[in-house]
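Protein sequence lines, in the order shown, are assigned to chains A and B. Going by this note's numbering, the first sequence opens with residue 374, and the numbers climb by one from there. Going by this note's numbering, the second sequence opens with residue 22, and the numbers climb by one from there.
It is possible that some hints are incorrect.
To be verified - Cβ-Cβ distance ranges computed for the label pairs, FRET-style:
id, chain 1, residue 1, chain 2, residue 2, range
1, A, I391, B, E257, 52 to 60 Å
2, A, Q530, B, F249, 42 to 50 Å
3, B, G240, A, K454, 22 to 30 Å
4, A, H486, B, P68, 40 to 48 Å
5, B, G220, A, A516, 28 to 36 Å
6, A, I627, B, A72, 52 to 60 Å
7, B, S233, A, V404, 58 to 66 Å
8, B, E257, A, A538, 17 to 25 Å
9, A, A516, B, F249, 51 to 59 Å
10, A, M509, B, D49, 30 to 38 Å
11, B, C37, A, I627, 42 to 50 Å
12, B, A133, A, I398, 23 to 31 Å
Just so you know, these hints were derived from the structure itself, not from any lab. Just so you know, these numbers come straight off a predicted model, no measurement behind them. C-beta atoms are modelled at their ideal positions from N, C-alpha and C, and glycine is treated no differently.
This is what each chain is made of:
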Amino acid sequence: MTTATKAQKRALPVGLWILVAVAVIGIAVWVTRFALGLGRATNLSDSYPWGLWIGFDVVSGVALAAGGFVVAATVYIFNLKKYHPIVRPALLTGFLGYLLVILGLLADLAKPHHIWHLIIYWNFHSVLFEVGWCVMLYTTVIALEFSPVVFERFGWQVPLRIIRAIQIPLVIIGVILSTLHQSSLGSLFLLLRYRLHPLWYSSLLPLFFFISAVAVGLAMVILESVLSAKALRRPLERDLLSGLASAVPYVLGIYFVLKMVELLVTGEFGLMFEGSVRSNLFLVEMVVGVLLPAVLFAIPKVRQSVAGLFWGALLIVGGLILNRLDVSVIGQMVPTGSYFPHWMEFAVTIGLLASGVVAYTLITHYFPVFKEEVAAEPVAAELQAAAG
Amino acid sequence: MAKYGMLVDVGKCVGCHACTAACKVKNDIPDRVFWTKVGAYEQGTFPNVKAYSAPLGRCMHCEHPACVSACPVGALQKTAEGPVVYDARKCIGCRYCMTACPFHVPKLNWDALLPSIQKCYLCADRLAAGLDPACASACPTGALKFGERDALLVEARERIRTSNGQYMNHIFGEKELGGTTLLYISPVPFEELGFPTVGTEPVTKLSEQVVSYVPYEIGGLAVVLSGFYWFFQRRERLQKESAAHPEAKEG
């Protein structure tokens with residue numbers, strides 16, 4: 374309670390009102406889409422049935438929400454307690470991320486009024502059936518994981534005790550669902566053997582999606598912490614973030630090596646240099662989105678500076694979004710037709726993003742999300758002691 | 022019950038569009054959407070041009086359909102007799118079937134407020150009533166012939182043999198992706214007609230294999246994660262104990 378009142382004293386950032394305006398416009402367009410129908414609100418076609426909403430809002434959105442499960446596993450399962458202060462913001466962005474994925478998906482469905490059919494009609498052979506259930510279950514689990522923040526705010530002791538009692542099983546279920554979900558989004562494209570460009574098509578797609586989700590989960594936590602520290606004028610957990618960043622080169626390194634070995638084994642390595650738009654995008658993805666941030670975060674000086682953390686994380690996030698767009702839209706080889714998103718598609722995507730940021734700002738402002746205000750010095754001293 | 026088949030003979034098609042019209046009338050198909058459509062193709066360069074037409078880009082009714090495997094709500098089903106049928110009342114409109122189909126077949130009536138997947142269902146209702154599909158009934162030349170798949174394969178081989186080498190020695194659909202209900206024979210190479218080059222392995226195999234591992238993944242992850250939790254908790258407890266009683270370490 375005391376922390377909440379302390380937080381309330383701080384003024385809301387001025388830029389918030391711009392975001393509120395963007396969010397309101399975006400949500401208005403989102404509503405309009407249902408009155409217009411899918412065909413008139415988008416530039417999708419029989420050649421490109423999937424576009425920006427699937428590629429960005431859904432497939433990238435799920436990966437960008439991976440921070441929640443990565444940090445929850447780090448703190449509660451691997452018992453790295455020093456990362457505890459960033460659990461709540463990570464869970465919050467994970468939860469908001471999943472809500473946005475569901476809103477984006479609703480707009481994208483041709484029959485959105487049938488979305489609940491996922492619950493009653495089952496097809497066990499379908500990867501998308503697995504994906505749908507993972508979204509439903511994980512959104513519930515992550516809401517429960519985050520619920521103590523709400524209970525604390527209002528001083529509800531009984532539900533707080535219940536959640537605390539089942540916290541560890543909840544975290545384990547959450548990590549299982551996330552692992553399945555992140556990898557199953559990759560499995561979704563296993564059926565596209567004759568459609569997806571061979572630089573992206575691979576029988577290891579589920580593994581690639583999972584590993585890159587772990588990397589981007591770490592990057593998103595770093596990015597959000599840096600941005601929210603600036604916007605909300607709160608102290609930055611720099612040493613914690615440097616710790617997270619030090620894990621990134623390993624994760625991205627495994628991803629890079631696996632990807633290259635796989636292309637060598639399948640004999641598709643040379644396709645990288647064919648000079649087409651797709652092969653160039655692939656090179657950008659691998660060099661700028663994977664190699665460069667891995668090297669940057671391997672340098673202690675870079676990952677200990679705020680600017681280094683910010684730019685490194687931004688590269689990873691950008692690389693991941695490009696990868697997901699490539700796999701789910703751009704890399705698909707269709708005989709005819711082309712696709713560039715309609716302005717309403719952009720408006721909905723940007724509006725949903727803005728409303729996510731607004732919700733994050735308001736919730737962190739009124740609820741005890743940053744409960745443990747991190748004193749930079751003690752943690753640094755502790756780290757030094759551990760190192761020395 | 023014997024499996025149905027439909028033989029499409031590109032060499033016999035005269036481009037009369039009777040199949041297209043019969044299909045649109047029978048199935049009340051929305052404007053600008055076709056479940057079967059006759060396309061025209063030219064082979065060679067002027068003045069030595071041969072013109073061909075054929076109903077292409079229509080549902081192949083695969084033995085192992087990617088669309089059926091993809092559909093999360095089972096709105097697409099493969100029937101025992103061959104047709105792949107669609108139930109718009111179940112469909113959520115995710116369009117995964119459109120993305121998954123190796124032949125780019127399922128379409129959408131984009132103009133509708135609540136669009137549905139548009140795809141041939143081999144007139145399964147007519148089949149149940151003992152009739153041939155509307156398109157095959159309307160075809161005046163035998164370019165579309167409906168029947169039992171095995172018998173049609175025999176006939177297709179016969180037509181290729183008696184074409185004096187004019188036809189490609191290949192029945193597209195006999196083995197492609199594990200076999201399809203539609204069987205094409207043609208005097209034009211199939212790639213030139215826009216057919217994809219596909220192998221004989223069902224495209225659904227890997228994806229369905231991966232999904233079938235899910236229960237084991239859940240079990241395995243539960244054991245491994247609980248194990249990690251137990252291990253790291255125990256390590257912390259032991260560290261605390263040895264810190265509290267440093268002499269116990271030596272003993």
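Hints versus structure:
1. Between I391/A and E257/B the CB atoms are about 46 Å apart, so this pair departs from the stated range of 52 to 60 Å.
2. Taking the beta carbon of each, Q530/A and F249/B are about 31 Å apart, not inside 42 to 50 Å as hinted.
3. Taking the beta carbon of each, G240/B and K454/A are about 28 Å apart, inside 22 to 30 Å as hinted.
4. Evaluation of the 40 to 48 Å hint for H486/A and P68/B yields a failure: the beta carbon distance comes to about 58 Å.
5. Taken as a hint, the range 28 to 36 Å is violated for the pair G220/B and A516/A, whose Cβ atoms sit roughly 45 Å apart.
6. Separation of I627/A from A72/B is about 56 Å and conforms to the stated range, judged on CB atoms against 52 to 60 Å.
7. S233/B and V404/A have their C-beta atoms about 40 Å apart, which leaves the hinted 58 to 66 Å range violated.
8. Take E257/B and A538/A: their Cβ atoms lie about 20 Å apart, and the range 17 to 25 Å holds.
9. Checked against the given bound of 51 to 59 Å, the beta carbons of A516/A and F249/B, roughly 24 Å apart, lie outside it.
10. Distance hint check for M509/A and D49/B: the Cβ-Cβ separation is about 36 Å, which falls inside the suggested range of 30 to 38 Å.
11. Remark: the range hint 42 to 50 Å for C37/B to I627/A is contradicted by a beta-carbon distance near 60 Å.
12. Against the hinted window of 23 to 31 Å, the Cβ-Cβ separation of A133/B and I398/A comes to about 26 Å, which satisfies the hint.
Figure legend: structure checked against the earlier numbered hints; hints not met, in rising order: 1, 2, 4, 5, 7, 9 and 11.
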